[in-house]
Amino acid sequence: MTGGPATASRDWTRDLRDALGYPLTSDARLLSAAVVALATYVILVLSSFPQFSVQVLSTDPTDIGYAVTALTREVYLTTGYLGLALVATYAVLAGVAVTNALALVQRARRRSVSTIVGVLPGLLAAGCASCGAGVLGALGFVGAMAALPFDGNLLRVGGIALLLFFLGRAGDPQTCSLDGGGRA
Amino acid sequence: MDEEGNITRRRALIAGGSVLAFGSGVAYMGSRSGASGQHYVPDTTHAGSGTTGFDVDLDGRPIAGERDAPIDIYYWTDYLCPFCKQFETETLPELGREHLDTGDARLAVLPYPNIGEYSTPAAVWGRCVWSQVADSDPDAFWNWHAAAFAEQPESGTDWADDEMFAAVTEQTAGVGLSAVETCREERGATIRERIEPNVAMAQESRIQGTPGFVLYNRDSGAAGKLVGAHPYENFADAIDQVRRA
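For the protein sequence lines, the chains are A and B, in the order given. Per the working numbering, residue 1374 is the first one in the first sequence, and the count goes up by one each step. Per the working numbering, residue 1308 is the first one in the second sequence, and the count goes up by one each step.
Calculated directly from the structure, the hints in this document are not laboratory data. Some clues are possibly wrong.
Unchecked claim - Which residues of chain B face chain A? A partial, calculated answer using Cβ under 10 Å:
hint : residue
1    : I1314
2    : T1315
3    : I1321
4    : G1337
5    : F1390
Each residue gets a CB set at the ideal place from its N, CA and C atoms; glycine is no exception.
Throw the hints in and build the complete structure from the sequences for me.
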């Protein structure tokens, strides 16, 4: 990499913009990003009170709507609109990250092992998305989040920052990524 | 043109619209209140006595329903817990009308302070209010109980303090603030100590959050567990299962 921090930051911003725009390049990608975003939101919200979610879903799986609605309200009452907005943002970014990671994996399969370096950041981004969900779930229930700094919003901001960082690092999965972000 | 590999206006619009719809949907679900505006006051309320077959100490605890009801519902709650408020406003009225007032089951209110710093003091307030009105006017306890939950604001746990609970107590007909304050001073420590064994029972039953419920068949000894603000139908099913077990 050449250039100072300003150039690196400009590159990262451009790469992030490209990464965020990638799901818009085909209907299938857009659909996959939407499905993953929705699924991530459902998982995040249900994992805020796992015992309740498991009981509701095992009694009647069609009650998933009730569980998601009730727990969305619970997340809002515990952490406010900011907390809810962060969860929703996290879900949308996870949708983009997973779609981009899938594209990177497909490209790596078509090409050679050498591109695995380019695939890694994308996989990390996707991994980060699922890890975030796991961390929230491991905390047990929304009550526990209330004990964290800013009702757990700090943790959510951290998750989003990490996701944005990896998305920007991976850039547009259609282009080659060498030496940690430069274009080939 | 809707070319593969290009960012088209149509897809950008669909994505923008979807994100907007998703955000609005989440905001709507978050702000939607299912509360009926009415709170439940049982037809009969009694003070519990002794320890049950499930090892829950009911001595002097507020219990909604008939003393000889065949099913016990142990309800662990916290006045600072929004999910408990949801149970109180959306499920308890129907559960009360269909199962407590009919003599099918009785519901014991047990504190499980777990949400904020004021959870335990709030539980002590509740216990002191109940001690004052248990014999004379048990309905006043339920009015106070509902009023305390109604004070929960839209977000956070900062609302709960001595001043707020004193105001709720003062505004509830049939409850004297000075008697409750005296109880808090004189019996506060004992009440706190007596909360612990029942919380330990909840934890032993693997109830990790509030509201938490154990349904116990007093004849057969069968028990079931519900955690969270389940819809009324799930309670009705659980009561039916425990009754038949």
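Interface hint compliance - I1314 of chain B to chain A, C-beta minimum distance less than 10 Å:
holds, 4 Å
Is the shortest C-beta separation between G1337 of chain B and chain A less than 10 Å?
holds, 3 Å
Classify the hint on T1315 of chain B as holds or violated, based on whether any CB of chain A lies nearer than 10 Å to its CB.
holds, 8 Å
Given hint F1390 of chain B near chain A, where the shortest CB pair must fall under 10 Å:
holds, 5 Å
Is the hint on I1321 of chain B kept, meaning its closest Cβ partner in chain A is under 10 Å away?
holds, 7 Å
Violated hints: none; the structure is consistent with every hint.
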